[in-house]
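**Q** Chains as they are written, first to last, in this note's numbering: chain A, 126 to 439; chain B, 1249 to 1851.
These are calculated hints, taken from the structure and not from any lab test. Quick caveat: nothing in here was measured; it's all calculated off a predicted structure. One thing to keep in mind: the hints can contain errors.
With a Cα cut of at most 27 Å, we get these calculated DSS-like pairs of lysine-lysine [unchecked claim]: (1) A:Lys325 to B:Lys1780; (2) B:Lys1665 to B:Lys1739; (3) A:Lys405 to B:Lys1739; (4) A:Lys376 to A:Lys405.
Take a look, some chain B residues computed to stay more than 12 Å from chain A by CB distance [to be verified]: (5) Ser1263; (6) Ser1348; (7) Arg1425; (8) Thr1498; (9) Val1506; (10) Glu1568; (11) Gln1587; (12) Pro1723; (13) Glu1730; (14) Leu1732; (15) Pro1805.
Just a few of them, taken from the derived set where beta-carbon distance is under 8 Å, the chain A residues facing chain B [what the hints assert, rightly or not]: (16) Arg189; (17) Trp204; (18) Leu384.
Virtual Cβ for every residue (Gly too), placed ideally from N, Cα, C.
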Amino acid sequence: MNDADLPLRGAPSAAPAAAREPVNVLIVGVGGQGVILVSKALAWLAQAHGFEVKQSEVHGMAKRGGSVFSHVRFGAQVWSPTIPRGEADVLVALEWAEGLRWLPYLKPDTGIFLADTKRIVPPFACLARRPGAPMRYSRETPAQVQEHVAEGYAIDATGMAEELGNERVSNVVLLGALSRALDFPEAQWERAVAEFVPKKTVAVNLEAFRQGREWIERSRLALPQAQAPAQPAASGSNCEVRLEITPGWCKSCDICVKLCPERCLRLNAERIAELAEPDKCTGCRLCEWLCPDFAIRVHLDPATAAAGEGQARP
Amino acid sequence: MQEVQPQARDTRALSGNEAIARGAWEAGVAVAAAYPGTPSTEILESLAGYPVADVHAQWSTNEKVALDVAIGASFAGARALAAMKHVGLNVAADAFLSQSYIGVNGGLVIAVCDDPGIHSSQNEQDTRIYGQLATVPVLEPADAQEALDLTRLAFELSERFDTMVVVRGTTRLSHTRSPVRTGSRTAPAARGFLEDPRKNVMIPAHAKQRHVAVLAREAKLKDYLETAAINRWEPGAGEAARVGVITAGTCYPYVREVLPGASVLKLGASWPLPEGLLRRFCASLERVFVVEELEPVIEREARALGLAVEGKAFFPRTGELSPELVRAGFEQAGVLAPQARAAGWAPEPLVRPPVLCAGCPHTSSFMAVRASGARVAGDIGCYTLACLDPLRGLDTTVAMGSSIGNAIGMAKAGDVKPVIASIGDSTFLHAGIPGLIDAVYNQANITVLLLDNGITAMTGGQDHPGTGRTLRGEPAPRVDYEALVRACGVKWVRSVDSYDLAAVHQTLREALAHRGVSVVISNRPCVLDPVKIKGPVLQVQDAYCNACQSCMNLGCPAITWAEGTFEGRHKVKIDASLCIGCSLCAQVCAVDCIRPAAARVTS
Chain A
126 MNDADLPLRG APSAAPAAAR EPVNVLIVGV GGQGVILVSK ALAWLAQAHG
176 FEVKQSEVHG MAKRGGSVFS HVRFGAQVWS PTIPRGEADV LVALEWAEGL
226 RWLPYLKPDT GIFLADTKRI VPPFACLARR PGAPMRYSRE TPAQVQEHVA
276 EGYAIDATGM AEELGNERVS NVVLLGALSR ALDFPEAQWE RAVAEFVPKK
326 TVAVNLEAFR QGREWIERSR LALPQAQAPA QPAASGSNCE VRLEITPGWC
376 KSCDICVKLC PERCLRLNAE RIAELAEPDK CTGCRLCEWL CPDFAIRVHL
426 DPATAAAGEG QARP
Chain B
1249 MQEVQPQARD TRALSGNEAI ARGAWEAGVA VAAAYPGTPS TEILESLAGY
1299 PVADVHAQWS TNEKVALDVA IGASFAGARA LAAMKHVGLN VAADAFLSQS
1349 YIGVNGGLVI AVCDDPGIHS SQNEQDTRIY GQLATVPVLE PADAQEALDL
1399 TRLAFELSER FDTMVVVRGT TRLSHTRSPV RTGSRTAPAA RGFLEDPRKN
1449 VMIPAHAKQR HVAVLAREAK LKDYLETAAI NRWEPGAGEA ARVGVITAGT
1499 CYPYVREVLP GASVLKLGAS WPLPEGLLRR FCASLERVFV VEELEPVIER
1549 EARALGLAVE GKAFFPRTGE LSPELVRAGF EQAGVLAPQA RAAGWAPEPL
1599 VRPPVLCAGC PHTSSFMAVR ASGARVAGDI GCYTLACLDP LRGLDTTVAM
1649 GSSIGNAIGM AKAGDVKPVI ASIGDSTFLH AGIPGLIDAV YNQANITVLL
1699 LDNGITAMTG GQDHPGTGRT LRGEPAPRVD YEALVRACGV KWVRSVDSYD
1749 LAAVHQTLRE ALAHRGVSVV ISNRPCVLDP VKIKGPVLQV QDAYCNACQS
1799 CMNLGCPAIT WAEGTFEGRH KVKIDASLCI GCSLCAQVCA VDCIRPAAAR
1849 VTS
């Protein structure tokens, strides 16, 4: 994509005034990030301009760190409250992996992808704990996304918000970025912001809005302006973990069984510690360190240990 | 572009739930009651925003009580509303089915919100079938405007036809905001109590007569619905006009979006159905489809009339419909030409199940439950999420309050493990108390873990009889759980600090050792409601972290992997913006490297 293709300034690609079809904006993120606030502000603004607006969300589990989405559609007439797959004009993502999740909803030829590079890693992504096991977080980079969308922006909105002293205003940074893609006057966007943010935080939110708007104006070269989400450190190797238990020294105190993080130890029929689920053992050595009788020794593959922390074995 | 005009005073953006509340208020509702349940919760929350002088709005302990309260108000001559989610109607069904025979004095409307797609429920049952079962009309709004209009109409129909009326919503209706023209409140004249035992007291002799009256009422309703404006025949245009679609509720906009030219019979009432209108509509068209979510209620009825309608052969019976699914159905039926769509790039989505919040007081309970090795009957609430990794602390979950009865059955069936029932405070008050009395009476050997976080948390923080506040936030008497449990006959009751992990472990151990019914009450409040809790945050001293993963077992969303590793395993870090300082991670840390952030380096 070159500069001439950028639809900013004067010729927004999702110009609401000219649209016969509804304009579709999909706003996604994780519970607690302020997805609903962004969509309410947009819906308010569109309605103030005389459009029919439908804003549809599903919450309930939203506060529980689950994925949250809100569909905003506006135009002369809007039927379905939800945006069909492949029909979103703009996809605004407050979290990186959530943006990726909803990519198939973007219009393939003209859709604008606008995502915070913020990564909220769910505990679920950290379940494989053996040495070298990777984090199960999305691996796609902004550069890869750029190849697949008509127009894409990866913005470190959370970082900008942190610099403003309030991480929570990252959603309004993105609203500012969104404001360049939809043709409403800047003053009215700001009024919409002031309408929906907590009264005490109007000033910082307006600043966040302006910064997001300026970022998009500056960022004529689409993607890799913001840093790519860092890839999780992971070594490619699995080391062999071996537990050496000296039965004669075990006095059945149960400490290792109770404190094993993987819950993979048990006392056998003779009430001697044994490794019940070897596949789960990560070799963390807690049992070795906590055993008052030195009855357990943990052996890791020495080559892996020597290769250093987090390094792949050659 | 023109300047923003001030909103006309009578048009505003409302969600479906807010519009139902508004419609009820405009209709002069005087008493409203509900138990919170997604997606219906905001109906009562919204009604509580109207003046006290207009409407008494309350949280009830469960949906049956809520309906009984509304029925009582109707007996007394007032217009009344009960609101609930679809499964709430199961709880209220006993009163619902009998009240159908009695009819109403003051208008009585029940707003029931279904959850097609199971966004936040345990099933996706179809409330319209309850309408059939009880012979009660079911109105189905398609958007927020209709939610207001049909709720107002429901009160009129209720009094005109002497029947309860159900306003059926869905998650999509409840949580979609669209512009609504509002009106003013018209409070009907007070009716006073109607003394008529033959109508109001359901003994067999009366009920036999009333059943006849119910069928006569149904016939009258059908006549009314033949010509009622809410059942709308929209003629089609062009080629597509030869195709007819019968639809109702939130399916209607999908049909209009996908098949703009079709002839549409848009039913405002999906029960009972106007036979003559259906026959005339079908006779005028080549092919007629029924597009409805969940069960083929309208389709079956139309077929029973001998009409050759098509429906569930093309539109799924499970889940929520969408423009995509409606389009796919019409493509499969040969009505629409298949649309060539380039397969877009779809990276593998990240698995992100909902989790217990950072600092959630349920966490320690399930750490202890899991360590105990007990069999655990779970219940409905945030804590149901403990069935997932890494807590994996419950074995079953059925319905509100089921845990205790389930636990009794497991124990009596001779499960070799000790048996625990885990149940939240709001759920315990809703349907858990009869189970506990049953356990005492039948001398079951179970432990009940009462997770008292002082709020109805799952639905977003609603008050209940244990919080000491009403729906309107006024002070109220507060249930004393220990006294309540003892009054039920339980001898072994103990409260424990949810943030003292060792105490939780030890208390649960002692409770399990007790023969008979024991009750452990974990007592820390929800971290989100009624106040958001934020304590001094903790920090991992990275140099000392040995990546043992003990803290990861909490499933705390504030704890995640750091960049560094130790012996190939990921070290951890704490997100200060999420941490509330509950200190559970510090309590499980085997090398004591999790410390308050402020006291990083001390001499």
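**Q** Classify the label on B:Arg1425 as holds or violated, using whether its beta-carbon is more than 12 Å from each beta-carbon of chain A.
**A** violated (4 Å)
**Q** Hinted pair, alpha-carbon criterion (27 Å max): A:Lys405, B:Lys1739. Please report holds or violated.
**A** This hinted pair is violated, its Cα atoms lying about 41 Å apart.
**Q** Holds or violated: is the Cβ of B:Pro1723 farther than 12 Å from all Cβ atoms of chain A?
**A** Its Cβ never comes within 12 Å of chain A, the nearest being 26 Å, so this holds.
**Q** Was B:Glu1568 rightly flagged as not at the interface, with every chain A Cβ beyond 12 Å?
**A** violated (9 Å)
**Q** According to the definition I'm using, a residue is off the interface if its beta carbon is farther than 12 Å from all beta carbons of the partner; does B:Ser1263 meet that for chain A?
**A** violated (9 Å)
**Q** When you look at the beta carbon of B:Val1506, is every beta carbon of chain A farther off than 12 Å?
**A** violated (8 Å)
**Q** Is the claim that B:Gln1587 lies outside the interface with chain A correct, judged by CB distances over 12 Å?
**A** violated (10 Å)
**Q** Should the label of B:Glu1730 as a non-interface residue stand, given a Cβ cut-off of 12 Å to chain A?
**A** Consistent with the label, B:Glu1730 stays out of reach of chain A, its closest Cβ about 29 Å off (over 12 Å).
**Q** The output says B:Ser1348 does not contact chain A. Does that hold with a beta carbon cutoff of 12 Å?
**A** About 30 Å separates B:Ser1348 from the closest Cβ of chain A, which puts it past 12 Å; holds.
**Q** Need the status of pair A:Lys376, A:Lys405: alpha-carbon distance at most 27 Å?
**A** holds (24 Å)
**Q** Per the stated criterion, does the least C-beta distance between B:Thr1498 and chain A lie above 12 Å, as a non-interface residue requires?
**A** violated (8 Å)
**Q** Would the pair B:Lys1665 and B:Lys1739 pass a check requiring their Cα atoms to be no farther apart than 27 Å?
**A** At roughly 22 Å apart (the allowed maximum being 27 Å), B:Lys1739 and B:Lys1665 satisfy the hint.
This entry does not satisfy hints 3, 5, 7, 8, 9, 10, 11 and 15, going by the numbered hints stated previously.
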